[in-house]
Structure formats: structure tokens, C-alpha cells
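*Asks:* Below are the chains, spelled out letter by letter.
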Amino acid sequence: MLEIKELATAYGKIEALKGVSLQAKAGEVTCLLGPNGAGKTTLMMTIAGILKPQRGSVTFEGEELVGLSPAEIVGRGLALVPENRLVFPALTVRENLMAGAFSRRDRGAVKADADRMLDRFPRLRERIGQFAGTLSGGEQQMLAVARALMSRPRLLLMDEPSVGLAPKVVAEIFGIVRQLHSEGVSIFLVEQNAHMALKVAQHFFLMEQGKVSFSGTPGQLAEDDVVQRAYLGERRAA
Amino acid sequence: MDAWLQHTLDGLLQAGPYALVGLGLTLGFGTLRRINLAYGASAMLAAYVGAWLHARYHVHPLAVLAVVLAVAVLAGAYVEWLCFPGARGIDRTRSAGTTLGTGTDAREVVALASSFAVWMQLEQLAVALLPHHLNAFPSWASEREWTVLGLGLRPDRLGQLLLALALVLALSRWLQHSRGGLMWRASASQVTAAHLVGVAVPRVQRIAFLATSALAGLAACVVLVVDGQVTPMFGMWMLVKGLVAAMLGGLGSVRGVLGGALVLGLAEAYAQALGGALARDATAWALLMVVLLWRARPGAERRTAHA
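Going line by line, the protein sequences match chains A and B. For the first sequence, counting from 1, position 159 maps to 206 in this note's numbering; every step adds exactly one. For the second sequence, counting from 1, position 255 maps to 269 in this note's numbering; every step adds exactly one.
Hints listed in this document are in silico derivations from the structure and should not be mistaken for laboratory results. Here the structure is a predicted model, which is why all the values come from computation and not from measurement. For each residue, glycine too, the CB sits at the ideal point set by N, CA and C. A portion of the hints provided could be inaccurate.
[Claimed, not checked] Dumping the calculated SDA-like pairs for lysine to any residue here, alpha-carbon to alpha-carbon at most 20 angstroms:
no., chain 1, residue 1, chain 2, residue 2
1, A, Lys158, B, Ser192
2, A, Lys60, B, Ala120
3, A, Lys158, B, Gly195
4, A, Lys99, B, Arg217
[As the list claims (entries may be wrong)] To give a feel for the contact side, a few chain B residues facing chain A, derived at Cβ under 7 angstroms:
no., residue
5, Ala200
6, His209
7, Val213
Whole structure, please, built from the sequences with the hints as guidance.
*Replies:* Here it is, written out as C-alpha cells:
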């Protein structure tokens with residue numbers, strides 16, 4: 048579904064992605080793990096068209112995305128839930144939802160979809176007229192997910208949806224990821240919380256210093272010594 | 015007592031022109047988060063071209079107004095191309111902090127400085143076209159004055175205020191209730207998120223800039239047809255009065271600019287009554303200084319963002 052080959056992105060002379068290659072399959076939750084500064088957010092921003100890569104390719108359902116504008120990429124069926132949510136703070140919850148459907152032409156169905164989102168996230172319905180900047184972190188995360196879903200994406204990109212949230216809210220967010228997956232939404236998830244990611248993802252990649260250093264199933268991930276030490280905080284007995 | 019009521023009425027009426035000149039500035043800042051210092055000069059150049067056509071070729075007043083609007087938009091396009099290229103969405107070759115439109119960076123300083131340089135350039139161009147200090151502009155000034163409850167009321171000044179009110183309400187309604195208005199507000203609220211939901215941010219920002227230039231041209235027309243003349247001070251007048259009205263109204267707020275214009279108009283009217291023309295002009299500068307200090311106080315940005 049999504050295939051990334053030898054992708055390199057730099058900030059001036061500093062290369063943040065040094066030839067990243069990975070794939071995300073349709074119908075799966077694919078998870079990218081990695082420490083701070085590994086280049087995970089840079090990768091997501093490059094896929095979404097916000098950052099321009101120096102070389103490499105990003106293909107989605109066989110179509111090259113490099114060189115397209117962010118608006119064109121949304122139109123192709125990808126939606127990113129960015130790190131730190133990035134809701135529109137000065138717009139209400141309803142306006143944030145409607146903004147998520149800017150790329151759609153079937154305007155008649157947009158309102159019905161917004162109502163469905165409010166059924167899915169009842170707390171957003173309670174806050175419908177409130178400015179998004181006044182919501183709690185968990186509510187903003189739900190709004191960011193709902194806003195992304197309003198574009199009816201075929202692949203949902205999620206950049207560290209658990210960051211900065213209380214454990215109870217993190218569990219709620221991962222519950223939403225599981226539910227979306229069960230409804231057939233393909234998800235490419237960036238996370239540092241390996242414990243939670245192991246419960247939802249079918250394939251893992253590990254990224255360190257701008258390169259992919261591991262690719263495997265949850266079972267293989269759990270067996271990997273480096274991952275054990277760095278992300279699961281334990282070492283299995285030999 | 016009647017004299018003070020008359021000063022109050024004069025101040026309220028003066029809010030019309032101030033709201034009109036502040037509207038473009040506040041919309042421009044709301045969209046790009048940058049002050050266009052060449053705002054007044056663009057309108058002044060447009061007004062000078064109109065005055066030149068009027069004086070030299072006796073062009074019909076309506077055609078003069080159309081030319082002023084067109085030249086204001088062209089001058090705005092020139093300013094946007096020269097001074098605000100970095101503000102057009104995202105610079106996808108730069109580091110994340112600047113790329114994602116967060117924080118202050120060198121491009122903001124360059125935009126401010128270059129718009130100042132273009133201000134000077136446009137003013138010189140206008141003065142080269144018409145070197146006299148006073149230049150006739152097509153005049154539709156009212157020759158009579160109504161008396162309402164013993165107070166003098168000029169219909170042309172009332173017309174300016176009503177036009178400002180209508181424009182503010184129409185723009186406000188469009189921003190709140192239309193898809194285009196939502197795109198505009200989304201781009202102003204969180205530029206990276208606007209990209210991510212599929213807004214063609216560079217196009218929205220370019221249209222917004224040209225729309226603010228057209229508003230500047232319209233404001234110039236509405237003010238000058240009552241004054242009947244244009245001078246080299248007109249660009250500076252538009253920038254200062256517009257800036258004070260926009261900042262008093264909470265820079266970026268369309269309805270706020272009307273409130274800011276009312277405060278400025280009333281403050282100036284009372285100052286003039288007490289201390290003459292010098293006190294009136296000093297009041298505008300003093301208000302600008304107070305607003306700048308108020309906005310620069312610690313924590314002000316956070317509070318504004320939640321307002």
C-alpha cells in the first residue's frame with residue numbers, strides 16, 4: 048500500500064533521514080518505533096508532503112507522492128494525525144471537523160460524517176461549540192483523529208498519538224486505534240510506547256539515527272535484545 | 015454640553031474611515047501573521063494614479079475609483095511578491111522550526127524591513143507622478159449638513175461609517191459561515207495543520223493578500239472622495255490610523271477593528287477639543303504606544319491565543 052525507498056531528508060546540512068526504506072500493507076497496523084531524534088516525525092512530515100526529500104521515493108497504491116503538495120497528498124487518500132495534535136486552536140470542535148473534509152467534493156455527505164464522528168467520540172459532541180485550544184490533551188488527540196478521518200483516508204498516519212497523555216487516556220487512544228483497524232482502516236503508527244504498540248500492530252520497524260535498523264513481526268520484535276533493553280525495559284531469561 | 019455631544023458624534027463618525035483603513039491591515043495580519051508596512055503606500059500610489067488621471071485626462075470619477083482599486087491590487091501583488099515570499103505557506107527546504115511556521119525567524123524580520131523599503135519606494139513613485147503637495151481627487155463631499163437633535167451631521171461622513179459597518183459585518187459573516195472563510199481562518203490558526211487537511215495554503219494566502227490590497231484601495235477611495243484631495247502624507251496616515259485601530263481591536267479580529275476605530279475616533283475628537291490638532295495627532299501615537307506596550311507584556315501572547 049505504502050512503499051518508501053531510500054528516502055533522505057535534510058534540514059540544511061543535517062541529514063535527518065539517511066535512506067529509509069519500509070512498507071505498510073493494506074489492512075494492517077504498521078508501527079515505527081524509535082528514540083527521540085531518530086527521524087520519525089521527519090519521515091511522517093516527508094510522507095505528508097510538508098518536507099521535501101533530497102532523494103528517494105514514496106509510493107502510495109503505486110503512485111509517486113514525492114513532488115506533490117500536501118493538499119494533493121490528502122486528496123490521494125492519506126491523512127496524518129500529527130505529533131502534538133496540531134488542532135486549530137481558534138476554531139470550534141465542529142469547525143475542526145469540517146476543516147478535515149476540505150479535500151472532499153461530496154459536501155452533502157460531510158455533515159453526516161461529522162455526526163458519525165461525534166457518535167464515535169461522544170466527548171467531542173459535549174464540546175462541539177468549544178474552541179479546540181481549550182480542550183484537554185486527550186480530547187485534542189481525539190479531535191485530531193476525528194479530523195483526519197473526516198477526509199475518509201485509505202491510510203491513516205499517526206505520529207506519537209500517546210505523547211504527553213495520562214496512561215488512562217493513552218489506553219483510550221489505543222482502543223480507538225484497535226477499533227479503526229477492526230473497521231478496516233490501514234494505519235501507519237509512529238510510537239515510543241512499545242508496550243501499547245505491541246497490542247495493536249501487526250508489523251514493526253525500528254528506526255535509529257535516520258535509518259531503519261529492524262523490521263519484523265511482534266514476535267520477532269519481542270525476541271530482539273536491543274528492543275528488549277531500549278523499549279520494553281526488561282531482558283528475557285535465556 | 016452640546017459641544018461635547020458634537021465632539022462625541024464627530025468621533026463616532028471618524029470611526030468609519032479608521033475602520034475601513036484598519037480592516038485590510040487586520041485581515042492581512044490575521045492571515046500572514048506579519049505587518050505589511052507598505053500597506054498605506056500601496057493605497058497612496060493607487061490614489062495618486064487616480065488623481066493623475068483625473069487631473070490630466072479628466073477621467074470620469076467612477077473610472078478613477080476603478081483604477082485606484084486595480085492599482086492597489088497590483089501594488090499589493092508587487093509587495094507580496096517582493097516582501098512576503100517566505101510567508102507563502104511552507105518553505106519545504108528549511109528546518110522544522112521554521113518550516114512548520116512556528117516561532118519568529120529571520121524571514122519575518124526581512125519581510126518587515128523589505129516592506130518598509132517598498133513603502134519608501136512606492137511613495138517616491140507617487141510623488142514623482144504628481145510632485146505638488148495638494149492634488150485634487152474626484153470629490154463627492156456633501157455640501158450640506160443635517161441637524162439632528164441640535165447636532166450637525168454630515169451625510170457623507172455618516173455614509174463612510176455605514177459602509178464600514180456593512181463591510182465589517184459582511185466580512186465577519188463570510189469568515190464565520192462560508193467554506194472559503196473557514197479555509198482562511200484555518201490557515202491563520204495553524205498553518206501546518208491547514209496543509210495537512212488539504213488547504214492549498216499558498217493560494218489562500220496570496221488571495222488574502224490581494225483582497226487586503228483591494229480593501230486598502232477601497233478605503234482610500236472612500237476617504238479621498240470626501241476629502242477631495244490627496245497629499246504625500248496619505249500613505250503614512252493610512253498606516254498609522256489603520257494600525258492603531260487594528261491593534262486596539264486585537265490585531266486579526268475583523269469585528270474588533272470596528273471597536274478599535276471607535277476608541278481612536280472618540281479619543282482623537284476629545285483630544286482635539288481639549289488641545290487642538292497637535293493633541294489629536296499625539297493621541298493617536300500615544301494610543302499606538304500603549305497598545306504596543308500592552309501586547310508586549312510578559313504572557314500577553316499566551317492570553318491572546320486563548321482569547
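*Asks:* Run every hint past the structure and note whether it holds.
*Replies:* These are the hints, each one checked on the structure:
1. A:Lys158 <-> B:Ser192: holds (14 angstroms)
2. A:Lys60 <-> B:Ala120: holds (18 angstroms)
3. A:Lys158 <-> B:Gly195: holds (17 angstroms)
4. A:Lys99 <-> B:Arg217: Holds, because 19 angstroms separates the two Cα atoms, which is no more than 20 angstroms.
5. Ala200: holds (5 angstroms)
6. His209: holds (4 angstroms)
7. Val213: holds (6 angstroms)
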